[in-house]
Amino acid sequence: KRFKNILQPVFDEAMKMKEIYENPLNDLIVVGKNNKLDLNDRINESEIKVVRKLYKAILEYKGWKNRSRENETIMYFLLCLLSAHRYGELIKLEKKDIDFENKMIVSPKEITKTKVDYHFPIPKECYEYLKNCDDGLVFPNLIYKSMSQIFNTILRNSDIKFKLNQKITIHDMRSLMLNIMIKECNID
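Residue 352 in the numbering used here sits at position 62 of the sequence shown; the count goes up by one each step and never skips.
Keep in mind that the hints were calculated from the coordinates and are not lab data. Accuracy of the hints is not assured; some may be wrong.
With a Cα cut of at most 25 Å, we get these calculated BS3-like pairs of lysine-lysine [as the list claims (entries may be wrong)]:
| hint | residue 1 | residue 2 |
| --- | --- | --- |
| 1 | K457 | K339 |
| 2 | K385 | K414 |
| 3 | K382 | K403 |
| 4 | K385 | K435 |
| 5 | K326 | K339 |
| 6 | K346 | K421 |
| 7 | K382 | K421 |
| 8 | K393 | K421 |
| 9 | K414 | K382 |
| 10 | K457 | K352 |
| 11 | K451 | K343 |
| 12 | K414 | K346 |
| 13 | K326 | K451 |
| 14 | K343 | K473 |
| 15 | K346 | K435 |
| 16 | K451 | K346 |
| 17 | K326 | K473 |
| 18 | K414 | K473 |
| 19 | K453 | K326 |
| 20 | K399 | K382 |
| 21 | K339 | K352 |
| 22 | K473 | K346 |
| 23 | K414 | K339 |
| 24 | K294 | K308 |
| 25 | K414 | K326 |
Beta-carbon label-pair distances, calculated as ranges [unchecked claim]:
| hint | residue 1 | residue 2 | range |
| --- | --- | --- | --- |
| 26 | N361 | T402 | 44 to 54 Å |
| 27 | M307 | T402 | 52 to 62 Å |
| 28 | D302 | P411 | 51 to 61 Å |
| 29 | H461 | D389 | 23 to 33 Å |
Note that the structure is a prediction, hence the values are computed from the model and not measured. We treat Cβ as the ideally placed atom computed from N, Cα and C, and that holds for glycine.
With the sequences and hints as input, model every part of the structure.
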């Protein structure tokens, strides 16, 4: 996109002066946030295999000298993957949002993108961590902007097969799980 923005005035001027009759940038496809390839066009294996590899790589993550912070990071990514919930909303969860009796997490409308309360089960892998959290934020030491960098480390260790120069994002974990729930489990 930057390349196109820099050259656009040059070619526009050339067209005005009738040095060229067509702007070659009109045929240039810009790949960016708005037109990223579909998830299945970026991975070279089934969605379920990708999820299994992510799950394993998350459990094996070793990125902190402080073991409790490392565990917090692992639990966060497991909750992202297993709940298929938005990662930005999960980082805002508080202990008061967890119903341990019914083993449910209530993501309050104040933190959701759609401004609706969401209820979803606590993954068994995360139950003890959540039960032992102090009051307040469930992930108090995690910084939202750092999560992409940590996810890229997990991704590098996952052995997921990607198509040429492609990768997935934290948000794609949500898409992967939702696709599996719809296609494999008939949950819509």
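Are any of the numbered hints broken by this structure? If so, which, sorted upward?
25 and 26
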